[in-house]
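Participant: Can you make the complete structure from the sequences, with help from the hints?
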Amino acid sequence: MRLKTQFLSLIICGATSLIQAQYGNDNYNVSGLFLGITTPTLHTQDLLIKSGKGLTGGYVSRGEIYNNFDMEYGVIFFQNELMVQGQENNTPKDVTMELSGAQIKLLLGYNIIRRHLSIDMGPVLSVNSPWKAQQKEQESLVIGGYQGLKIEDLSSVSPVHGHLSVGLTGGFEHLRLSAQYQYGLTNFLGRLNKTNLERPSGGFSGQLAWTTLGAYFYF
873 MRLKTQFLSL IICGATSLIQ AQYGNDNYNV SGLFLGITTP TLHTQDLLIK SGKGLTGGYV
933 SRGEIYNNFD MEYGVIFFQN ELMVQGQENN TPKDVTMELS GAQIKLLLGY NIIRRHLSID
993 MGPVLSVNSP WKAQQKEQES LVIGGYQGLK IEDLSSVSPV HGHLSVGLTG GFEHLRLSAQ
1053 YQYGLTNFLG RLNKTNLERP SGGFSGQLAW TTLGAYFYF
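All letters in the sequence shown, in the order written, are residues 873 to 1091 by our numbering.
Rather than coming from a laboratory, the hints here were simulated on the basis of the structure.
For clarity, every value in this text was computed on a predicted model and none was experimentally measured.
Hints should not be assumed to be uniformly reliable.
Stated by the list, open to error - Once the Cα atoms are required to be at most 27 Å apart in a straight line, the calculated DSSO-like pairs of lysine-lysine come out as:
#1 K965 - K925
#2 K1022 - K1008
#3 K922 - K1066
#4 K1004 - K922
#5 K965 - K1004
#6 K922 - K1022
#7 K925 - K1022
#8 K1022 - K965
#9 K1004 - K925
#10 K1008 - K1066
#11 K1022 - K1004
#12 K965 - K922
#13 K925 - K1008
#14 K1008 - K965
#15 K922 - K1008
#16 K1066 - K1004
#17 K1022 - K1066
Facilitator: Here it is, written out as structure tokens:
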């Protein structure tokens, strides 16, 4: 919880600085929309996972702060899918799992080419819904590698996470393309360890991660 609080404090302070920078000077400051596609996965030894796909989009604001540095603040929504292996009649079966939520991100950018090409890095605070099977009838399937743990038991994953994002953004004043990668710094499966569910001897551990390809549309 301490890490999540630090993430939130950092994002709030950075957003405040960005807002202040947008007033009283002639620096480059823009707002707009971000739309993208994602390739999510879960790095874990405790479940059999296959990468999936997703969509993301939301509001973003970007402004210069000092010399070749700028800062991006965004409120982003996402809908991701990935697959967990279950068992049906002792036969492996991939179950598509859905996860939706919202993120607040604060990225510091170093401009390789001012206003056209930058490397971006920073913290992301993510809040997600329960993790559920896309097809409700599959929720009763037992998860591969377990005797009694079911797909529906995964719904109680941790709802708040901290991520680190790094990416490359390039383009024009009002349109930029971006490739980003974010990795979870908190245990996505950690909340399952506080239940009486069947679990590995060392407890569940897993970090969410995904690659995003998208476009910024600045007004």
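Participant: Does each hint fit the structure? Answer for all of them.
Facilitator: Now the hints, each set against the structure:
no. : hint          : result
1   : K965 - K925   : holds (18 Å)
2   : K1022 - K1008 : holds (12 Å)
3   : K922 - K1066  : holds (25 Å)
4   : K1004 - K922  : holds (15 Å)
5   : K965 - K1004  : holds (16 Å)
6   : K922 - K1022  : holds (17 Å)
7   : K925 - K1022  : holds (23 Å)
8   : K1022 - K965  : holds (13 Å)
9   : K1004 - K925  : holds (15 Å)
10  : K1008 - K1066 : holds (25 Å)
11  : K1022 - K1004 : holds (11 Å)
12  : K965 - K922   : holds (12 Å)
13  : K925 - K1008  : holds (19 Å)
14  : K1008 - K965  : holds (15 Å)
15  : K922 - K1008  : holds (19 Å)
16  : K1066 - K1004 : holds (19 Å)
17  : K1022 - K1066 : holds (16 Å)
The structure fails none of the hints (numbered hints given earlier).
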